[in-house]
Amino acid sequence: MTGAPAQSMGFLVRPVDWVAFGPPRPNTAGETHRRATELPGPTTFQGIVRTALLAASGDDFSDRSRAARDARDALVGGPDALPEGWQLKGPFLTEIVETPHGPRARPWVTAPRFLMGTVREPSCARLLRSPDVDGRPSALDDSSPDAPPLLLGAPSLNSAKPRHLGGWLSPRGLRWALAGGKHLAEWRPVDHAPARDLPPFVRQQALAGLEIDAGTGTARDGMLFFADVLRFRDRSGIAGWLSAPLPSRIPSDALTRGDLAACGWRSRPAVLEELPPVDLDFAHLLEGRHLPVEVPEDQGFFLVAATPVQCKGDGLSAAASVEEDLRRNARLPEGVEVRVLAALTGPPRVIGGLLAASKVPRPNRSYWEAGSSWFFVLRGGGAGASGAAARGEALRRLNDAHVLGDRGEASFGYGHTLVAVGPTVDRGLVQAAERRREVRS
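Under the numbering used here, the sequence shown has 19 at position 19, and the numbering climbs by one with no breaks.
Since the hints were derived computationally from the structure, they do not count as laboratory data.
A portion of the hints provided could be inaccurate.
[What the hints assert, rightly or not] Simulated restraints, written as ranges between beta carbons of each label pair: (1) R427 <-> P251: 53 to 59 angstroms; (2) S62 <-> R379: 54 to 60 angstroms; (3) P277 <-> D73: 31 to 37 angstroms; (4) E98 <-> D63: 43 to 49 angstroms.
Nothing here was measured: the structure is a model prediction, and the numbers come from that model.
Beta carbons: idealized from backbone N, C-alpha and C, even for Gly.
Put together the whole structure using the sequences plus the hints.
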């Protein structure tokens, strides 16, 4: 491909007008139909990025020959993976704010599912034995839906079973959550947007229109449609980072020089702009400065999905698949092992789509949503201070990394993980969780 060193570029896809996302839907002549919008995921995002890079390279998109398609895949990767050594991070819904130190990018993320309670006083889930309430477990643990689970939030006085906070978190709210509610003065409700809403710089709007006949350029009779679309406030959009050794045909500023890009349904226009440095709270988390340097074996943590993760199996087998992915992809220090004790993932979501170049449908696959969380402890790495330091290094290799799922999909941004500090764990509970898995396996 190229001997050029990898470079990392932060960029913002800033929609010029409304945008909408989601899989293609067939329309039957004469029908009135409604189209919902989704938020852009890694598959959509990588399509925007790869198309923009091809355009910057001077590619002739009108050439649909097999040789031209193969050349494009060699240049920017194909529909299954980016080229070797390329990594895309994102997408993140992001606003640009002015600070005394200049403009800063402030990404908002899906609230981790281990956050329980209400926006006024959220709390983090903790691992303990859970009694049954009204014949059902009062704890939440998606890795063991039909056995007494161990993961329990802080139930409110009028509710036997804890509820996920849900919604969106600002960088400061995310830092409060991933630090285990420590190191910051207090929780602020202003750092949260409810699940029914979007981050404060994005709003949903209903749009009505007519389908246009491609041959005549006029409206088709009876083809009235209603669509839900997204509108971004000025100086906001969808942020990402691309780390890649770009070939010489692609300018180094291809994603930051203000070019127009096609975005989502109906290829709506968006501008590709340089992303300012990220908010200090967000940078603090990406750098892992909220994590301990030395880790005792009774300290628990949450592995949090910042982007969707391909779902492999269910229940305890799914928890085992997460451990296997980490063993294979995280390159942990010698002797260190991850033990997943419980999971808060919710039901999986099916993601498919359409290959733009060939119009061939993508296979439908199940994914855990962003915000899914796995409670784990670290074992091994040696005795005493050296073992504690090895486990601390392991945490940093799990944080701000793409260590879950298929490697090709990971290059698109799937399986991006952050690590949250959790509660300490009683050794008896760890042994109980491990015995449960041994019995079920």
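Hints, verified against the model:
no., hint, verdict
1, R427 <-> P251: 53 to 59 angstroms, "holds, 56 angstroms"
2, S62 <-> R379: 54 to 60 angstroms, "holds, 57 angstroms"
3, P277 <-> D73: 31 to 37 angstroms, "holds, 33 angstroms"
4, E98 <-> D63: 43 to 49 angstroms, "holds, 45 angstroms"
Hint compliance for this structure: every hint is met.
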